[in-house]
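*Asks:* Chain by chain, the residues run as shown.
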Amino acid sequence: MNRVREYRKKQKLSQFSLAEKVGVARQTINLIENDKYNPSLNLCISIAKVLGTDLNTLFWEVEDNES
Amino acid sequence: MKVKETFGTKILKHFYGIPGVLDEHARQEVSRIGSNAYLMLVSYLLISTLIILLISIRHLENAFWILVFSNLIVPIYGINGYVLVATNRLHLDDKEVRAQNYADAVKKSVKRGIGMAVYFGTTMFLFTSITNWFIDGTRPIRTLTSIHEIVKWILAGALFGLLMFIYDLFRIKKFRE
Numbered sequence: 001m002n003r004v005r006e007y008r009k010k011q012k013l014s015q016f017s018l019a020e021k022v023g024v025a026r027q028t029i030n031l032i033e034n035d036k037y038n039p040s041l042n043l044c045i046s047i048a049k050v051l052g053t054d055l056n057t058l059f060w061e062v063e064d065n066e067s
Numbered sequence: 001m002k003v004k005e006t007f008g009t010k011i012l013k014h015f016y017g018i019p020g021v022l023d024e025h026a027r028q029e030v031s032r033i034g035s036n037a038y039l040m041l042v043s044y045l046l047i048s049t050l051i052i053l054l055i056s057i058r059h060l061e062n063a064f065w066i067l068v069f070s071n072l073i074v075p076i077y078g079i080n081g082y083v084l085v086a087t088n089r090l091h092l093d094d095k096e097v098r099a100q101n102y103a104d105a106v107k108k109s110v111k112r113g114i115g116m117a118v119y120f121g122t123t124m125f126l127f128t129s130i131t132n133w134f135i136d137g138t139r140p141i142r143t144l145t146s147i148h149e150i151v152k153w154i155l156a157g158a159l160f161g162l163l164m165f166i167y168d169l170f171r172i173k174k175f176r177e
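Protein chains in written order, with the numbering used here: chain W, 1 to 67; chain X, 1 to 177.
Please note: incorrect hints may appear among the correct ones.
[Claimed, not checked] One-sided and incomplete, this derived list gives chain W residues near chain X with beta-carbon spacing under 7 Å:
| # | residue |
| --- | --- |
| 1 | Phe16 |
| 2 | Val24 |
| 3 | Ala25 |
| 4 | Arg26 |
| 5 | Thr28 |
| 6 | Asn38 |
| 7 | Asn56 |
| 8 | Thr57 |
| 9 | Trp60 |
[Said to hold, decoys possible] Short derived list, chain W residues pointing at chain X, Cβ under 10 Å:
| # | residue |
| --- | --- |
| 10 | Gln15 |
| 11 | Val22 |
| 12 | Ile32 |
| 13 | Asn34 |
| 14 | Pro39 |
| 15 | Asn42 |
| 16 | Ile45 |
Don't read these hints as lab results, they were simulated from the structure. Yeah, the Cβ is synthetic: ideal placement off N, Cα and C, and Gly gets one too.
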């Protein structure tokens with residue numbers, strides 16, 4: 001599961017606002033958050049920039065037992 | 001981030017009835033729907049041509065009329081119907097607006113409905129004047145000045161506009177933040 005929703009909420013952005021900022025439809029943001037759509041690298045970068053973070057933080061899955 | 005839409009993008013959005021942004025996800029889905037529609041259309045063309053060929057051996061005139069009408073019905077109701085259902089299922093045709101902008105969106109739909117009513121009424125009125133001329137030799141000026149025809153197409157335009165407005169209204173989705 002990616003962390004787009006978590007970071008969007010940290011930034012106090014709605015799906016609608018984030019979608020407007022990155023130039024996509026709200027449904028696309030919803031699909032990304034629910035892991036139902038794999039966004040392109042360019043879109044991932046745009047989302048990361050708007051959310052003030054990086055691609056690893058948003059999309060790299062980290063196992064809980066990894067230490 | 002607003003990206004300027006090219007003419008091609010506008011045409012694509014118009015054909016698939018997408019009111020919002022044609023982003024990468026929408027483009028991917030539109031390509032898939034378009035490929036399916038293409039496969040259906042080519043299959044129809046091959047099968048219908050074969051059937052018409054067989055009918056035309058004995059009934060040439062009937063074959064002609066069957067081909068003309070099936071070529072009108074299959075793309076309009078079959079292929080367009082598929083595109084309409086597929087885009088609707090994926091919510092590509094939703095008009096999402098913020099709750100506070102809902103009234104403005106409804107106003108836009110009313111304006112669109114009026115526009116469609118005028119467009120449909122006028123186009124069909126002019127089209128009828130020409131078809132009447134071809135079918136029974138009625139001069140276009142006679143059709144264009146006939147009160148019966150004018151009233152008929154005003155009512156037809158109003159009904160079409162109303163239906164388009166209702167359809168548009170169902171597509172507007174209120175989004176609360």
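*Asks:* Of all the hints given earlier, name the ones this structure violates by number, lowest first.
*Replies:* 6, 7, 8, 9, 13, 16
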